[in-house]
Amino acid sequence: MSTAEPHPQEAGSQEPEPKIVAFLCNWCSYAGADLAGISRIQYPASIRVIRVPCSGRVDPFHILKALQSGADGVLVSGCHPGDCHYLTGNYVARRRFAVLNDLLEFAGIDPGRVSFSWVSAAEGERFAEVVREVTEKVKALGPNRKLVKEPAS
Amino acid sequence: MSREEALRKRARELLESKQVVMVVGHRAASTKGKAQPAFIAKPEDAESLIFDETCGQNLAGHLLKVKHLGKIAVVTKGCDSRSILVLLKEKQLDRAQLHILGVGCEGVKEDGKLSDSCITCEYPNPIVCDEMLGEPAPGDRLQTLNPKPQTGELTSDERWRELSEDVSRCIRCYACRQVCPNCYCPVCFVDASQPALVGKTTELSDNMVFHIMRALHMAGRCVECGSCARACPMGIDLMKFNRKAAQIVKERFNVVAGVKEDDAPALTVFDPNDKQEFIR
Amino acid sequence: MTQRVITADGLAKLVTEWAKKGAVYAPVKAGSKDWTEFRRVTSLKETDFSRVNTKQSAKGLLFPQREVMLRFKDGKSEEPAAPEEQVILGIRPCDAAAIAFQAKFFTGQGQTDPYFKARLDRTTFIGFACNTPAETCFCTAVGGSPSGTRGLDLLLTDIGGKYLAEPVTDKGAALIADMPDPAIGDLERKLAEKCAEQMPQAIDTAALKRRLDSGFEHPVWDELNLACVNCGACTFLCPTCHCFDVTDEERKGRGARIRVWDSCQFCIYSQHASGHNPRQTARSRYRNRVMDKFKYTVDMVGELSCVGCGRCIIECPAGIDVRETVEVLTRQLPEAAEKK
Ligand code: SF4
Ligand code: SF4
Ligand code: SF4
Numbered sequence: 171m172s173t174a175e176p177h178p179q180e181a182g183s184q185e186p187e188p189k190i191v192a193f194l195c196n197w198c199s200y201a202g203a204d205l206a207g208i209s210r211i212q213y214p215a216s217i218r219v220i221r222v223p224c225s226g227r228v229d230p231f232h233i234l235k236a237l238q239s240g241a242d243g244v245l246v247s248g249c250h251p252g253d254c255h256y257l258t259g260n261y262v263a264r265r266r267f268a269v270l271n272d273l274l275e276f277a278g279i280d281p282g283r284v285s286f287s288w289v290s291a292a293e294g295e296r297f298a299e300v301v302r303e304v305t306e307k308v309k310a311l312g313p314n315r316k317l318v319k320e321p322a323s
Numbered sequence: 003m004s005r006e007e008a009l010r011k012r013a014r015e016l017l018e019s020k021q022v023v024m025v026v027g028h029r030a031a032s033t034k035g036k037a038q039p040a041f042i043a044k045p046e047d048a049e050s051l052i053f054d055e056t057c058g059q060n061l062a063g064h065l066l067k068v069k070h071l072g073k074i075a076v077v078t079k080g081c082d083s084r085s086i087l088v089l090l091k092e093k094q095l096d097r098a099q100l101h102i103l104g105v106g107c108e109g110v111k112e113d114g115k116l117s118d119s120c121i122t123c124e125y126p127n128p129i130v131c132d133e134m135l136g137e138p139a140p141g142d143r144l145q146t147l148n149p150k151p152q153t154g155e156l157t158s159d160e161r162w163r164e165l166s167e168d169v170s171r172c173i174r175c176y177a178c179r180q181v182c183p184n185c186y187c188p189v190c191f192v193d194a195s196q197p198a199l200v201g202k203t204t205e206l207s208d209n210m211v212f213h214i215m216r217a218l219h220m221a222g223r224c225v226e227c228g229s230c231a232r233a234c235p236m237g238i239d240l241m242k243f244n245r246k247a248a249q250i251v252k253e254r255f256n257v258v259a260g261v262k263e264d265d266a267p268a269l270t271v272f273d274p275n276d277k278q279e280f281i282r
Numbered sequence: 272m273t274q275r276v277i278t279a280d281g282l283a284k285l286v287t288e289w290a291k292k293g294a295v296y297a298p299v300k301a302g303s304k305d306w307t308e309f310r311r312v313t314s315l316k317e318t319d320f321s322r323v324n325t326k327q328s329a330k331g332l333l334f335p336q337r338e339v340m341l342r343f344k345d346g347k348s349e350e351p352a353a354p355e356e357q358v359i360l361g362i363r364p365c366d367a368a369a370i371a372f373q374a375k376f377f378t379g380q381g382q383t384d385p386y387f388k389a390r391l392d393r394t395t396f397i398g399f400a401c402n403t404p405a406e407t408c409f410c411t412a413v414g415g416s417p418s419g420t421r422g423l424d425l426l427l428t429d430i431g432g433k434y435l436a437e438p439v440t441d442k443g444a445a446l447i448a449d450m451p452d453p454a455i456g457d458l459e460r461k462l463a464e465k466c467a468e469q470m471p472q473a474i475d476t477a478a479l480k481r482r483l484d485s486g487f488e489h490p491v492w493d494e495l496n497l498a499c500v501n502c503g504a505c506t507f508l509c510p511t512c513h514c515f516d517v518t519d520e521e522r523k524g525r526g527a528r529i530r531v532w533d534s535c536q537f538c539i540y541s542q543h544a545s546g547h548n549p550r551q552t553a554r555s556r557y558r559n560r561v562m563d564k565f566k567y568t569v570d571m572v573g574e575l576s577c578v579g580c581g582r583c584i585i586e587c588p589a590g591i592d593v594r595e596t597v598e599v600l601t602r603q604l605p606e607a608a609e610k611k
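Going line by line, the protein sequences match chains A, B and C. Using the numbering used here, the first residue of the first sequence is number 171, and each one after it goes up by one. Using the numbering used here, the first residue of the second sequence is number 3, and each one after it goes up by one. Using the numbering used here, the first residue of the third sequence is number 272, and each one after it goes up by one.
What you were told as hints is all true, and nothing was included just to trick you.
Here are some chain B residues pointing at chain A (derived, C-beta under 10 Å):
#1 Val200
#2 Asp208
#3 His213
#4 Ala217
#5 Gln249
#6 Ala268
#7 Thr270
#8 Phe272
#9 Ile281
Beyond 10 Å from chain C on every Cβ pair, some chain A residues (computed):
#10 Gly207
#11 Cys224
#12 Arg266
#13 Lys307
#14 Lys316
These are calculated hints, taken from the structure and not from any lab test. Every residue, glycine too, gets a C-beta built ideally from N, C-alpha and C.
Kindly generate the complete structure, drawing on both the sequences and the hints.
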């Protein structure tokens, strides 16, 4: 796992950014993020990137654990359907994410805390857009108080 | 001959003729209104078998403990048979090593009341069996009783509060997991320690993660037998989660666990056209 | 020590008074659920003594399921504040005996568990004798009594709207010292004794222990464990079970060392760091629980660790009854005397 992340600065913003853990697949979305960085596209400095080999590697646990550990939001991003480096990793993951997504909503975790996207290696601008959007949503929801765990309490 | 007599007779025959090495069924427990799984290996013990409204435990899971002994006969109501199907598909059981004694189920009772899961049960008769003992239960009988519990239009916060109230009572005894016929992983996610996945404490956050993950792992596999909810000492309605998971799987992937012999477990396969409205 | 009769009003006043000085825990109806549980109360009105036993025993009040042992921050650690003074009102004699057992376990083996001890020292136990035992009660079979006083400071017996109060310790006597001193008749005493008559006969636990001593490998275990699903319901609800696990939780330099209940029925309980697990099978875990209750703790602290509250019988999802288990073992295991 690598935590090398691009460090885009949002100029002039006073508000503290929410903390969003982004699980990016190595082959598409991570490269997309890289491209956004190289192209100097501006987006909020809200994400902490965790590089994974495939969106299929993202266990729902990782997502819940991030929320328990104090993330305000989680973004999972992988290759577009059909483009998976391992052919079907993202298809299988999609089913799992669908169930998780609906279960989280059922449990009362606000929709928008956890987001999913497909971003290819060529979509630097799209990556920035997704991050902007996700950040706005999470900001609107405010800090994550439902699943967060305070170890010292 | 009553169904129970037929059951005892067949069990005895199967054991005497050595067609099976064991009959797994139910016997009366020492406390009133409770039954206990029975593992009958001697023909003369077949007399202790019962089948009535106290026999709520899903026996499919118990098969995993004795399958190494040889061919097993098992008393099977609707939900048990669905679990057996799930276990067959997941390669945990071998059909050739099972003799399924089917019984129609009128629903099981808990403290004198028809169990929740049986009110909503759509499959009271075994889906697979080698022979039926007694008459099948009328398939539509339960549906007439069937006011599927409504979650209603609650807001996120209200749903969170409602579930929190339930889940915060959880003492993490894992009775729900242990009685579940389809929970058989040698190392369950709650027991994983390197790294630990779910916190071991009973804080709301840990309990909620346990319950969400349990439901997720049961999605497409849970047959809604209600054993877990009946087993829970703290009266937690695990069926809330289970029903939701089953509903998601049905609506999204058109799969109902354990009712067909030839479909794959919902979360092990995919359809390129699966709905993905939640993905940006 | 002088026994006294307390009226319901008198008790209500006492409860209100105690609640001003510290925490008072008593059985309370659990919302919409059909059981009672120990909750903090401020008046007698909130309590419900109609059930024999609470869902969970009172053990969590001295040995909580989740207990912070220490907190740390930036490399410095800090111990939790001392626990509050507490009164446990309405604890049944079996549960009180169980805490006395736990006290032996936690403080009587040359080591003292400071967390348990701190709570024990600050707890006053006011018991409630049982007038009508539940179907699953068998305290008398394992050396207890529905009006037993072990582990208590004061025992109350409901004598129809009034309570017979029997101090067991000085602490208990002081609690009711200011009450008027009415005469008590034999009638009231008899009430409690009557209950014991309805209860099971004592089992010969010494003989059972001798059988267990040599019965570790006996084939009876192969059958006995089959119905058991190896959940932890029995151990967590058992008032004497005392196993725990310690876990550290940390985030950004802040964290806590927490202990949580553990159960010998869980696979992970006996798992070594190497991955080896000496109690890998369901059979060995089931055997361990029974052995622990009727043999191991006798070896360790000199008494068995079953007080007959019946919770495991009520809650076992597989319908297992420890009384039946004991009966089968006594019948099938050979006496130790006949050496193998
Ligand atoms: S869910 Fe209930 S009614 Fe349906 S088969 Fe199972 S026990 Fe019988
Ligand atoms: S059986 Fe009930 S109390 Fe035990 S772990 Fe499951 S939900 Fe929690
Ligand atoms: S989760 Fe509960 S209802 Fe579903 S199969 Fe398992 S025991 Fe039955």
